[in-house]
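**Student:** Spelled out from the first residue to the last, the chains are:
There are 2 protein chains.
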Amino acid sequence: VKAPRVELVCIGSELLAGKVNTHAAALGIKLADIGLSIAREHTVPDNRAVMRQTFAEALRRSDVVISAGGLGPTFDDVTRDVWSEVTRRPMTEDAALVADIRRKFISRGLQMAPANLRQAQVLRGARSIPNPNGTAPGQYLLLGRKTLILLPGPARELFPMFETFVLPRLRTRHRNLHSRLKTFLIAGVPESQVDQMIRPLVDKYRRVGGCTIVHGILASHSLITVKFRVEGSGRAAVDAVARRLAGEFRTVLKAIVVGEDEERMENIVGVMLARRKETVAVAESCTGGLVSRMITDRPGSSNYFLEGAVTYTNSAKTRRLGVRPALFTRHGAVSEEVARAMATGIRRSSRATYGLSITGIAGPGGGTREKPVGLVHIACAAPGKITSKRFTLKGDRSWIRQRSSVMALDLLRQAIVRRARP
Amino acid sequence: VKAPRVELVCIGSELLAGKVNTHAAALGIKLADIGLSIAREHTVPDNRAVMRQTFAEALRRSDVVISAGGLGPTFDDVTRDVWSEVTRRPMTEDAALVADIRRKFISRGLQMAPANLRQAQVLRGARSIPNPNGTAPGQYLLLGRKTLILLPGPARELFPMFETFVLPRLRTRHRNLHSRLKTFLIAGVPESQVDQMIRPLVDKYRRVGGCTIVHGILASHSLITVKFRVEGSGRAAVDAVARRLAGEFRTVLKAIVVGEDEERMENIVGVMLARRKETVAVAESCTGGLVSRMITDRPGSSNYFLEGAVTYTNSAKTRRLGVRPALFTRHGAVSEEVARAMATGIRRSSRATYGLSITGIAGPGGGTREKPVGLVHIACAAPGKITSKRFTLKGDRSWIRQRSSVMALDLLRQAIVRRARP
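Just so you know, the sequences run in chain order C and L. If you count the first sequence from 1, position 259 lands on 259 in our numbering, and the numbers rise without skipping. If you count the second sequence from 1, position 144 lands on 144 in our numbering, and the numbers rise without skipping.
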């Protein structure tokens, strides 16, 4: 069985001028569930000529083409029209869709604008894809062995439509394909060193027992992800190869792996806390709520996350966390002493198992010769033991905040591990 | 003057399988500063055949090609090799780069792996672009009238290199081009209604006084952005057209615009607070620190953001904010009463001008028939006046958290406006 080629075209000038496009990353994950992967992604502006060329090339090259965006009611939404030209399929107005769109407007107490009627235009032969979260329906069109899928741009409309309508149909159409992704998360080791450790396995295992293996390695915010994907036909065969390779990788990476099949440190920590029925509270300064937000991104985090304090001012650090004012005058707000006092303070007042703290200078202002932008202190108060760490990061405000949050979460992870294996 | 066509190719399998690619959005903003825009973006996996085809097409079609990623030391970094094939330029090892890479490893107390030597390979005729934040240098190659730019993938390496080395050179090469972007941020009105309001202006102004105008409209998280870009030669002419159009848009959108040239509500609020020397403190439940993080994303936010409390548990709401336990039993933690008590509590204890609060059910668990997932209460306590709002959102956890944070910030904005014009 040969895997079908999937190509994704995202439409929207804003995606090339400030708005981040998350579709490729997120659809890639969903498609992996049914053994497919995206071969190429393109982002094009709301420009008919560029859209026409890109659509035509994608449809010529690939088996499944997904277009995302440009189905709205406004003047710059022309995806339907361009696909109609490229596929030479005329469009007709679907009466049921008109009624449905009108109903949606009424239910929100709004009047339907004439422009919204364009959203009821369907390519000849296409099935309309219901959109529970918006007015723009999608379209699903089989062209011989090829599949063309039109979806709206907003993620909250696109993803439910993709999961409910598109994914089951693609699964049925390509049912003999299987794939298994395995990831190892690594902290505290440079990428080139990890590369050296796994290189023999990567070179050795490209094809095993009729399956293809694609390897990857990726560094991000002080974490390294090693991954491989096994692709082939027959679920049992694919699973067996994946298990065998995972065993070999595990042996090689044993000393440095912090988690498997999970790329986010906050989720690794969350699983550990939930399993041990332990809790955490967070006191943050320079990261302004980022650590709390990362921890609470995970559904169910209310079982182990008690509270967060974003103490930007010194007086808030004193009032909320009991940090003694003398520490500020003696050591400064960004110091090991204050970090430790913050961790102890939030742990005590919240009665959490662990108190995690972070104080630093995220920039661009506020740095001095002794305490430059990028200086960060983190601390973790555990029962009977406080650990802390100091580091200086080079990068912009957002990167310093991101990276120091991940490092704080790793400090918490180490504290949990230490307590679990005394 | 005809604007040069810029094309961006991002390389990395991870970008098609879970890692969000922010380069197109961010580089688009930087390029706009010198009057350029990205005509197309492609994301391709670490696969030589796909890379070869995409690179060749981009170089044939466009005047400036930027490739991002695949310059690392590991087995899957093959961008240099593929560009060497496509441009038919052999590579040579640059002795100065070898010394520089070795020096960087030594300064970090690490040994240089032999694989890192590949990073010192330079295409014939290319200039090497220094990388202060990593070991992979970039490359800048003029091919007749075309410019080819190779940059590493990590944003903290790519952007400083782009700003310091690439941008000034592109500016000089295309010095007659100018462009001016104008944006209006709108809250509380549906996209199709805004579209109807501006449609006459959009249809009327496509070309004015030798300049081209590109219009756009975009909805995101309960906010709508209307924008246009004026492009042409001669800064004075471009500026004059932009000013004139801005005036007409301003007249039409007057009643619903919340800010100009700023797409983020937290920054609009930040500017207002800083100008009025007022302060804010935030108490969050379901958003878990997101509102605090958004506010503190802005440099200088320490001038008006005093503190945040992420009170996930009822006991934290009582201890930190003084919410009376009777309110939980009588109304529940997600209620107008608790939202108002949280806002009042954080305002009082922090002594901020405004206390902003948010409590809700972000899901996927925790919903009931009376209080479903997506129910959110927000409140803002200002001197002498508390306002609150209740809404039910449909979407996943992340979307509910995002959207309700923006709505809370809009409530704060309204409170500031009301106080400023009594």
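Because the hints were derived from the structure by calculation, they are not lab data. Hints may be right or wrong, so weigh each one.
Each pair may be met inside one copy or between any two copies, as identical chains are not told apart.
[To be verified] Here are the simulated lysine to aspartate or glutamate pairs, EDC-like style, with alpha carbons at most 20 Å apart:
no.: 1; residue 1: K104; residue 2: D94
no.: 2; residue 1: K394; residue 2: E163
no.: 3; residue 1: K104; residue 2: E278
no.: 4; residue 1: K19; residue 2: E191
no.: 5; residue 1: K385; residue 2: D239
no.: 6; residue 1: K182; residue 2: D76
no.: 7; residue 1: K30; residue 2: E260
no.: 8; residue 1: K394; residue 2: E85
no.: 9; residue 1: K30; residue 2: D396
no.: 10; residue 1: K19; residue 2: D33
no.: 11; residue 1: K146; residue 2: D76
no.: 12; residue 1: K385; residue 2: E337
no.: 13; residue 1: K254; residue 2: E191
no.: 14; residue 1: K182; residue 2: E336
no.: 15; residue 1: K204; residue 2: E337
As the structure is a computational prediction, the values presented were derived from the model and not from experiment.
**Student:** Which earlier hints can't be squared with this structure?
**Tutor:** 3, 5, 8, 11, 14, 15
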